[in-house]
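A.B. asks: Going down the list, the protein sequences come from chains A and B. Quick note: the first sequence uses my numbering, first residue 1, plus one each step. Quick note: the second sequence uses my numbering, first residue 1001, plus one each step.
Hints are computed from structural coordinates only; laboratory data are not their basis. One thing to keep in mind: the hints can contain errors.
To be verified - Below, a list of computed lysine to aspartate or glutamate pairs in the EDC-like style, where the Cα atoms sit at most 20 Å apart:
{"id": "1", "chain 1": "B", "residue 1": "Lys1093", "chain 2": "B", "residue 2": "Glu1118"}
{"id": "2", "chain 1": "A", "residue 1": "Lys182", "chain 2": "B", "residue 2": "Glu1210"}
{"id": "3", "chain 1": "B", "residue 1": "Lys1093", "chain 2": "B", "residue 2": "Asp1158"}
{"id": "4", "chain 1": "B", "residue 1": "Lys1182", "chain 2": "A", "residue 2": "Glu210"}
{"id": "5", "chain 1": "A", "residue 1": "Lys182", "chain 2": "A", "residue 2": "Glu248"}
{"id": "6", "chain 1": "B", "residue 1": "Lys1093", "chain 2": "B", "residue 2": "Glu1061"}
The model shown is predicted, which means the values in this text are computed figures rather than measured ones.
The chain contents come next:
Number of protein chains: 2
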Amino acid sequence: MTRTAPLFTKVALIGVGLIGSSLAHAMRRGGLAAHIAGHARSPETRARAAELGFCDSMHAEAADAARGADLVILCTPVGALQAAAAAIGPALKPGAIVSDVGSVKTAVIRDVGPHIPEGVHFIPGHPIAGTEHSGPDAGFAELFDGRWCILTPVPGTDEQALSTLIEFWRGCGSRVEVMDSKHHDLVLAITSHLPHLIAYNIVGTADDLEQVTQGEIIKFSAGGFRDFTRIAASDPVMWRDVFLNNREAVLEVLGRFSEDLSALQRAIRWGDGEMLFELFTRTRAIRRSIIAAGQDTAAPNFGRNTKTP
Amino acid sequence: MTRTAPLFTKVALIGVGLIGSSLAHAMRRGGLAAHIAGHARSPETRARAAELGFCDSMHAEAADAARGADLVILCTPVGALQAAAAAIGPALKPGAIVSDVGSVKTAVIRDVGPHIPEGVHFIPGHPIAGTEHSGPDAGFAELFDGRWCILTPVPGTDEQALSTLIEFWRGCGSRVEVMDSKHHDLVLAITSHLPHLIAYNIVGTADDLEQVTQGEIIKFSAGGFRDFTRIAASDPVMWRDVFLNNREAVLEVLGRFSEDLSALQRAIRWGDGEMLFELFTRTRAIRRSIIAAGQDTAAPNFGRNTKTP
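Isolated chain A, as found in the complex:
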């Protein structure tokens, strides 16, 4: 982790929400950039980011942040990436690397790719890290530590630029995997998009159940429900854009999920205890593997502390 000189002279962050601000903190910690330029569309976010001081300069125009940067990372919701790319395209320096942090990758290649000029290296990326909080106050340097970042270079991507971007993410604490964008979108559909969708859905179902009051839902949420409310509290714009832009893969895994759920429903209706027991035993093993891989804690209840502070 000891670095004699910064990896980049100037890095631009287009968007300084949870991921953008965490990247700024992580870059500072790792000594990765001599100058970090930030852009946020809203004056409030720019003012707050300036106050927090995680960027060296804040800009009202994305192009002004991106101008002269060696690395530009688009950190907006997926639905805003096309406009962001169109805005920065003309300001990009030859040889610069452009990346993003969007949760879908095929749609991002479709939307961003055409705006990247010849001689600039566009390499899509996706750090598998986050919290249910959003905005510039939510960022912290450790967010990417031990998490994976997936890069999905298009065929013909410059090897040197790819190596540099891998070094950057490692410097932010990530582990890095490279894969095809279509495969990324399917893997994330099952490990992230479907979990969010069914979490949002069950919270909505509970809220609509007229025989059970909202007070009861809240009081007795420690029975399991509260776990789902965490990811169902994630940023609504970000997640709307994910579902609008990864439709096919999400519909595919959702079809599987619904099929499996129908089989479980039938097992409950017919009192098939063996089928239930078999499934409930199999799923335990996956939890153990996730803990062994350092991707979750073995502490009961995630080690959460619900004591009044």
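Following the hints, complete the assembly by docking chain B onto the known chain A.
C.D. replies: What follows is chain B alone, placed relative to chain A:
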């Protein structure tokens, strides 16, 4: 919390897994029982419980533990309650209170009620607390602190016995609510049983997806999936019994969930961003209420620590 004399001279725990052993620890902390007698069916569990020392005596026969007790709490999976009640029935002292900790209540009244002799007070109970761990090693005194315990007395229950049981649970750190067993089963179907069912289901779906390897599921689980694996690691026997014994309420809320999910599926297919945004915004408010009610932590990612220890 200062108590001049124990609330009970003798309390018997029929079953010393996560809940039974936590009750023993909480009773010790609160000075609630002069003597705690424990029973476990398996010799291994009895030996381990004796080693851990949270009971004053361990018994191979449930009746021996229950004999002479002022309070007997059945802490076995719901499917084993009928046999446990049949075993202790003849040994129960007149005036004793019998309760349980099962996650369903109408079926428990059906199964346990007939085995309770005249003059003994049977008051079903359910502490809404737990972890994904099980067995006598998993218990700890703080498990019930700030959580709710629901009691579902049948009509005609002795008021004094009910008051005493409420005092007992408060002494264990719980808050107490009294309701009808049928309402309990519906409330828990949505706040606990359905969340477990869909968690088990999504983990099963992911495990079966042939285009995505298990290694990929594990590596990228921090995208949301890992949250579900926690409750999908809960005790398989306990949960099989819950679904076999709360069939109607679970099928009712599952029907609602599936309907809502179909509407979401349609919104994704037709690109209805407004519908998605509206739902994703509404669900955020419920999270905030749960945190405000002290039922979950506001710390990002449950405050989980995934650093290698």
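A.B. asks: Of all the hints numbered above, which does this structure not satisfy? Sort the numbers upward.
C.D. replies: Violated hints: none at all, because every hint is consistent with the structure.
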